[in-house]
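Engineer: Letter by letter, the chains look like this.
2 protein chains.
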Amino acid sequence: MSNSITKLFNIKYPIIQGGMVWCSGWKLASAVSNNGGLGLLGAGSMRPHILAEHIQKMKTATNQPWGINVPLLYPDIEELMDIIIQEKVKIVFTSAGNPAKWTGTLKEHGITVVHVIANAKFAQKCEEAGVDAIVAEGFEAGGHNGREETTTLTLIPHIRKATSLPLIAAGGIGSGQAMAAAMALGADGVQIGSLFAAAEESSAHQDFKKYVVDSREGDTHLTLKKIGAVRLMKNNFFHQVIAAENNGANAEELKELLGKGRAKKGMFEGDLKEGELEIGQVAMMINEIKPVSKIISDLLDEYHQTLQAFSTSRFHF
Amino acid sequence: MSNSITKLFNIKYPIIQGGMVWCSGWKLASAVSNNGGLGLLGAGSMRPHILAEHIQKMKTATNQPWGINVPLLYPDIEELMDIIIQEKVKIVFTSAGNPAKWTGTLKEHGITVVHVIANAKFAQKCEEAGVDAIVAEGFEAGGHNGREETTTLTLIPHIRKATSLPLIAAGGIGSGQAMAAAMALGADGVQIGSLFAAAEESSAHQDFKKYVVDSREGDTHLTLKKIGAVRLMKNNFFHQVIAAENNGANAEELKELLGKGRAKKGMFEGDLKEGELEIGQVAMMINEIKPVSKIISDLLDEYHQTLQAFSTSRFHF
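Listed in order, the protein sequences are those of chains B and P. This note's numbering puts the first residue of the first sequence at 738, with every later residue one more than the last. This note's numbering puts the first residue of the second sequence at 738, with every later residue one more than the last.
Hints in this document: simulated from the structure, not taken from any laboratory. Wrong hints could be hidden among the right ones.
If several chains are the same, the list does not tell them apart, and a pair holds so long as it fits within one copy or across any two.
[Claimed, not checked] No farther apart than 25 Å at their CA atoms in a straight line, the calculated lysine-lysine pairs in the PhoX-like style are these:
| # | residue 1 | residue 2 |
| --- | --- | --- |
| 1 | K992 | K844 |
| 2 | K898 | K794 |
| 3 | K749 | K764 |
| 4 | K898 | K971 |
| 5 | K963 | K858 |
| 6 | K764 | K838 |
| 7 | K992 | K963 |
| 8 | K858 | K947 |
| 9 | K971 | K1031 |
| 10 | K1027 | K898 |
| 11 | K858 | K844 |
| 12 | K844 | K827 |
| 13 | K898 | K947 |
| 14 | K858 | K971 |
| 15 | K1031 | K898 |
| 16 | K827 | K838 |
| 17 | K838 | K825 |
| 18 | K796 | K825 |
The whole structure should be built from the sequences, with the hints applied where relevant.
Structural biologist: Below, the structure written as structure tokens:
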């Protein structure tokens, strides 16, 4: 048996690992693909020559399907796309931009294209652009996030009504229960970020992973809405942002406060005080740094238990 | 067959209608109870003598179980609770306060007590106070809302781990698919607000209901976080609040801007420009003013279709 997402990518489980900045290098992505999911390299934090290196390493690390996430606001995007096409990468997830821009070119080269959205208006644009599937990402997701603040629970049924394209739910999915919930809402698969950001194979700094494991409810918050909403973990930098926002700081002032390279500083170099720590709300439920194989087998166990529970009296009336 | 919520209240379906200000009078609550759910009067917008009137009307309108929602910050709460006890109301949902305050007194009088929470810290307090069940309400809910901004998708599994009390999910539930999702996450039942706020039997102003029906994605937003977060629909008043907040308005200034009686003005009197319009994020999915009987039968149809879909290939791999 299979579904539209496992068929589209030719994978065993409809579990996609988000292509996250500073976390999703070849080690993480190949581990996910080797364990039956779809691993994605996160090009957003890689210079073109670094991406080329990771592509080579992926090719030797796995013979299973894998892909690359490309934020469309990437500065050297022409160069990046050239590499992707030359290296005959088969799957590309685009995000943070208009799907009309690159979908045609990529499809001409036989690449399967998926676009990440946060509202139904963009579901329409995805259809027009001819993408093969959609990731719909809710408010609870880590990192950059939609203006509407629509949560996964309300977003997925809304997108499901707006389009018949294969649909991947993202944001707040950190367990097999949440995976079953997402699919009950109309998704055909899930994209999971935070759980994999804290995986053994993630390229994030060990101290950042520990910070995620130690975090509790209310420890992430959507901030910097005036310059592009991003979900961050609370730390010294976060509190500086909140103070500035509470005092009415404008976009220019916030950009200056943010500066450059803060996500690298926090997530890759482990500066937990001054870095920008991007993680999803589900971080509060992550209590252990686990290898990818265990993350996926736990997800599947919980998922199948949930499906079995649907035959119990709690669900029937 | 039954589950912990249908058993606790002796109702047919684990569907609770939220006790919303300006919407949840005896007409709405009795219709829900007469259709197999649990109707709740919303005492938050009723003076004590008005509540007493609604209680009398409920008693003649239904012989099925029903209850009252009492926000614990209600100014004349002693008087209100006296009425509830004297009238032998059997079920009380408390919210917006510490469950330790009233649970004991109510339980002494044989009343079933449920408390509304938005985080696991309060789940612990609920256990200590001896409540019979918990409503866990996520970020997508209309009206007043938790500081942590935890969404229903991440909140329910978190609360399910924190307590074994019967658990009702609230926030973002406007379809049978979302109901199935909430139960997959660990809930035993659901509390639904927005759908019932826009019901024919709701006491909200007709113009407010139409505004809800016409609303689209992104039209509700969590605001006034400095004085108590509340999810509002966008209108002239809302934009005034956002402008003030963007300019760094403090709590005092926001309180002055809010003034008194704005929710009544908007939701009950139909002043769509200057009123405070409380509704959940799921409003974007509400396209019709329906009678309660149809709302509940649609919910159940969608719920059972979703359960059936779990046996199809989309879910199996």
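Engineer: Hints the structure violates: just list their numbers, smallest first.
Structural biologist: Structure breaks hints 1, 2, 6, 9.
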